[in-house]
Amino acid sequence: MNEAEEKNGKVIEAVELVKRFGNFVANDRLTFSVQRGEIFGFLGANGAGKTTAMRILCGLSKPTSGKIRVAGYDVYTQSEKIKQRIGYMSQRFSLYEDLTVWENFRFFGGIYRMKSALIRERADRMLGRLGILELRDTVIASLPPGIRQKLAFSIAILHEPEIVFLDEPTGGVDPVTRRQFWEMIYEAAASGITVFVTTHYMDEAEYCNRISIMVDGKIEALDTPEQLKKTYNAGSMNDVFLKLARRNEEQKKE
Amino acid sequence: MRTIFYIMQKEFIQVFRNRMMLPIIFLMPLMQLLILSYAVTFEIKNIRLHITDNDNSVASRALLEHFRSSEFYHIFGESADASFGMEQLKKGDIHQQLVILPGFEKQIVTGSTAGVQVITDAINGSAAALMNAYTLSVIESYNREVLSRSPGPPPKQVQVSRRYWFNPALDYKTYMIPGILVLLVTLIGMFLAGMNVVREKEIGTIEQINVTPIRKVQFIAGKLLPFWIIALAELAFGLALAVLLFNIPIVGNIFLIFLVASVYLVVVMGLGLFISTITNTQQQSMFLSWFFLVIFILMSGLFTPVESMPRWALQLNTINPIAYFIRIMRMIMLKGSGFQDIVQPLIYLSVYGITMLSLAVWRYRKTS
Ligand SMILES: Nc1ncnc2c1ncn2[C@@H]1O[C@H](COP(=O)(O)OP(=O)(O)OP(=O)(O)O)[C@@H](O)[C@H]1O
Ligand SMILES: [Mg+2]
Numbered sequence: 001m002n003e004a005e006e007k008n009g010k011v012i013e014a015v016e017l018v019k020r021f022g023n024f025v026a027n028d029r030l031t032f033s034v035q036r037g038e039i040f041g042f043l044g045a046n047g048a049g050k051t052t053a054m055r056i057l058c059g060l061s062k063p064t065s066g067k068i069r070v071a072g073y074d075v076y077t078q079s080e081k082i083k084q085r086i087g088y089m090s091q092r093f094s095l096y097e098d099l100t101v102w103e104n105f106r107f108f109g110g111i112y113r114m115k116s117a118l119i120r121e122r123a124d125r126m127l128g129r130l131g132i133l134e135l136r137d138t139v140i141a142s143l144p145p146g147i148r149q150k151l152a153f154s155i156a157i158l159h160e161p162e163i164v165f166l167d168e169p170t171g172g173v174d175p176v177t178r179r180q181f182w183e184m185i186y187e188a189a190a191s192g193i194t195v196f197v198t199t200h201y202m203d204e205a206e207y208c209n210r211i212s213i214m215v216d217g218k219i220e221a222l223d224t225p226e227q228l229k230k231t232y233n234a235g236s237m238n239d240v241f242l243k244l245a246r247r248n249e250e251q252k253k254e
Numbered sequence: 001m002r003t004i005f006y007i008m009q010k011e012f013i014q015v016f017r018n019r020m021m022l023p024i025i026f027l028m029p030l031m032q033l034l035i036l037s038y039a040v041t042f043e044i045k046n047i048r049l050h051i052t053d054n055d056n057s058v059a060s061r062a063l064l065e066h067f068r069s070s071e072f073y074h075i076f077g078e079s080a081d082a083s084f085g086m087e088q089l090k091k092g093d094i095h096q097q098l099v100i101l102p103g104f105e106k107q108i109v110t111g112s113t114a115g116v117q118v119i120t121d122a123i124n125g126s127a128a129a130l131m132n133a134y135t136l137s138v139i140e141s142y143n144r145e146v147l148s149r150s151p152g153p154p155p156k157q158v159q160v161s162r163r164y165w166f167n168p169a170l171d172y173k174t175y176m177i178p179g180i181l182v183l184l185v186t187l188i189g190m191f192l193a194g195m196n197v198v199r200e201k202e203i204g205t206i207e208q209i210n211v212t213p214i215r216k217v218q219f220i221a222g223k224l225l226p227f228w229i230i231a232l233a234e235l236a237f238g239l240a241l242a243v244l245l246f247n248i249p250i251v252g253n254i255f256l257i258f259l260v261a262s263v264y265l266v267v268v269m270g271l272g273l274f275i276s277t278i279t280n281t282q283q284q285s286m287f288l289s290w291f292f293l294v295i296f297i298l299m300s301g302l303f304t305p306v307e308s309m310p311r312w313a314l315q316l317n318t319i320n321p322i323a324y325f326i327r328i329m330r331m332i333m334l335k336g337s338g339f340q341d342i343v344q345p346l347i348y349l350s351v352y353g354i355t356m357l358s359l360a361v362w363r364y365r366k367t368s
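Chains as they are written, first to last, in my numbering: chain R, 1 to 254; chain Y, 1 to 368.
Since the hints were made in silico from the structure, they are not lab data.
Every residue gets a Cβ at the ideal spot worked out from N, C-alpha and C, and that includes glycine.
Worth double-checking, as some hints may not be accurate.
If you want the footprint, here are the derived chain R segments under chain Y, 3+ residues with CB under 8 Å [what the hints assert, rightly or not]: (1) 19-25; (2) 42-48; (3) 218-227.
Beta-carbon label-pair distances, calculated as ranges [what the hints assert, rightly or not]: (4) Y:T281 <-> R:N23: 35 to 41 Å; (5) R:R129 <-> Y:N18: 42 to 48 Å; (6) R:N46 <-> Y:Q284: 42 to 48 Å; (7) Y:Q9 <-> R:K67: 39 to 45 Å; (8) Y:T281 <-> R:R129: 45 to 51 Å; (9) Y:P310 <-> R:N46: 33 to 39 Å; (10) Y:F16 <-> R:P145: 25 to 31 Å.
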């Protein structure tokens, strides 16, 4: 934690974030902030611009304009400092399929300059918690998607980052596994890791402390789930989302 | 350092776990050596020769005897009429026609220049050049015999003597194999490291690395070193095959070969890695790599002598790493050249390698 961040407890702060691909505006003046320890949901339909924004926050992609700080550092000039403090689980599955579970742990732990004893200790603890210690030497390719995703998450927080970015971590996973996955997220949040998560599932939105809903590159709503339901006079987050989408359609017609 | 070690460890595991990889790495040198050294031979034995001796003297018969006793020639026909041989040449029955004109002996006796006419089927240019070279060497050996027998002091004008240094038997394999080994090392170096990076781009795992605080130099070094080691092992394997299977003599110092190879590899691997940083798919990367490879290989002097290339091609060759390495390899393996002889191109390759590697590191983007 450095000074700038200590002042207001904001670990992510974006002001007027814009990302253009040619003439196409993928992120249109996004302004939001995330508090330390929060679970922040990033919702939106396909192509809304969620991944684009997340990659900018992770220092994987340069923003076109805007003022953006992550973990107290500037994304334009201090992206390598940011990378030391964050974990990232990309939308595409990103473990090495031809390596075993343990080899993946060892590799990513090593890249984060963790001591080998520490890597081993944490890997064993995480695998034990997931109840899959016996899969330690199994090649990733032969594991079912649910377990892979849990492993990818474990490896994303192996080096105990301040913030973890999860891009649709539960895509294509059965409801039971999704539940378990969210328990892992809660555990990580309880241990002090700030969670920034994108999802399509509206029921998952209810699990977040605060959510932002993106439509066509813009943030259309940002609040706690309860407050959003009240504001939009909706029974569930699903209704909130549909109302927002409809409103957007009508605006376009005018 | 530890970061580089972790990448190397991972690459080695992946290479050796891949069932296709090991056979490719170790069968490739064997196949290349076999195919290229046996099948693509330029060596010509049994040159079919038609003889027309219009002098019919002791001297002319002595010359013909030199051709008859040469293992390269097969006398396919003899006639007094040169046009008969011409017909055969046109039909492709013979490769060469030798015509000795009347007065050949007289010219030799009087000490003036004696001429013979050699007509060669030159449809295949390099074969023709080689046949001419053989013919010349036969005629020269005859020349030497004549000179040694002639009375008085040896003629002032020294005969240009053409001898095949360093490869006296004109053995094609001996000449080709150093070059083939170079190709082998080049292919491994150029493709393995570069393709590996592009593959990670395609699968998406590179994102997971780019989001870590790894330094660009560490990444490139970690990708370079494993394949650098594999390529050197491959060279050792290839050299062993050359010596054990093909009886190719290695006249020079074997450590010198590896010293040069390790520097050379940095050049081609740097190029391969640089290409991987500017492409997004294996297809693009393959295409670009082959573009450079084909030009470099064809101009390298492996298949065609560098000496016969036009000026601009020679100038272009100053940036052709393969040309340097082939030349150095032949120097060390066939001539036994020492460090002093190759230090200049070696320095050049070093500078080249550092440049390519810096380009790759510079162009590699963790943030797009
Ligand atoms: N590199 C790029 N070049 C051009 N356009 C891009 C690029 N990356 C993303 N886009 C476009 O930006 C828009 C937003 O993409 P993004 O991946 O951020 O959406 P998303 O909200 O993550 O969608 P999904 O739910 O499908 O993952 C899309 O229309 C996409 O086509
Ligand atoms: Mg996305």
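query: So the hint says 42 to 48 Å: do the beta-carbon atoms of N46 of chain R and Q284 of chain Y match that?
result: The hint (42 to 48 Å, Cβ to Cβ) is violated, given that N46 of chain R and Q284 of chain Y are roughly 27 Å apart.
message: Quick check on a hinted range of 33 to 39 Å for P310 of chain Y and N46 of chain R, using CB atoms only.
response: violated (58 Å)
query: At a Cβ distance under 8 Å, does chain Y reach at least three residues of the segment 42-48 of chain R?
result: Since 0 is below three, the answer is violated.
field: 45 to 51 Å as the expected CB spacing between R129 of chain R and T281 of chain Y, which holds or is violated
entry: For T281 of chain Y and R129 of chain R the Cβ distance comes to about 39 Å; the hint is violated.
message: Is the listed coverage of the segment 19-25 of chain R by chain Y valid when you require three or more residues with a beta carbon under 8 Å from a beta carbon of that chain?
response: Not satisfied, violated; 0 residues make the cut.
- request: Indicate whether the distance between the beta carbons of T281 of chain Y and N23 of chain R respects the range 35 to 41 Å.
  value: violated (25 Å)
- prompt: Honestly, do R129 of chain R and N18 of chain Y meet the 42 to 48 Å range at C-beta?
  reply: violated (32 Å)
query: Given as covered by chain Y, does the segment 218-227 of chain R meet the bar of three residues or more with CB within less than 8 Å?
result: Contact hint for the segment 218-227 of chain R vs chain Y: violated, 0 residues under 8 Å.
field: Satisfaction of the hinted span 39 to 45 Å by the C-beta atoms belonging to Q9 of chain Y and K67 of chain R
entry: holds (41 Å)
Satisfaction of the hinted span 25 to 31 Å by the C-beta atoms belonging to F16 of chain Y and P145 of chain R: For P145 of chain R against F16 of chain Y, whose Cβ atoms are near 27 Å apart, the range 25 to 31 Å holds.
Checked against the numbered hints above, the structure violates hints 1, 2, 3, 4, 5, 6, 8, 9; every other hint is satisfied.
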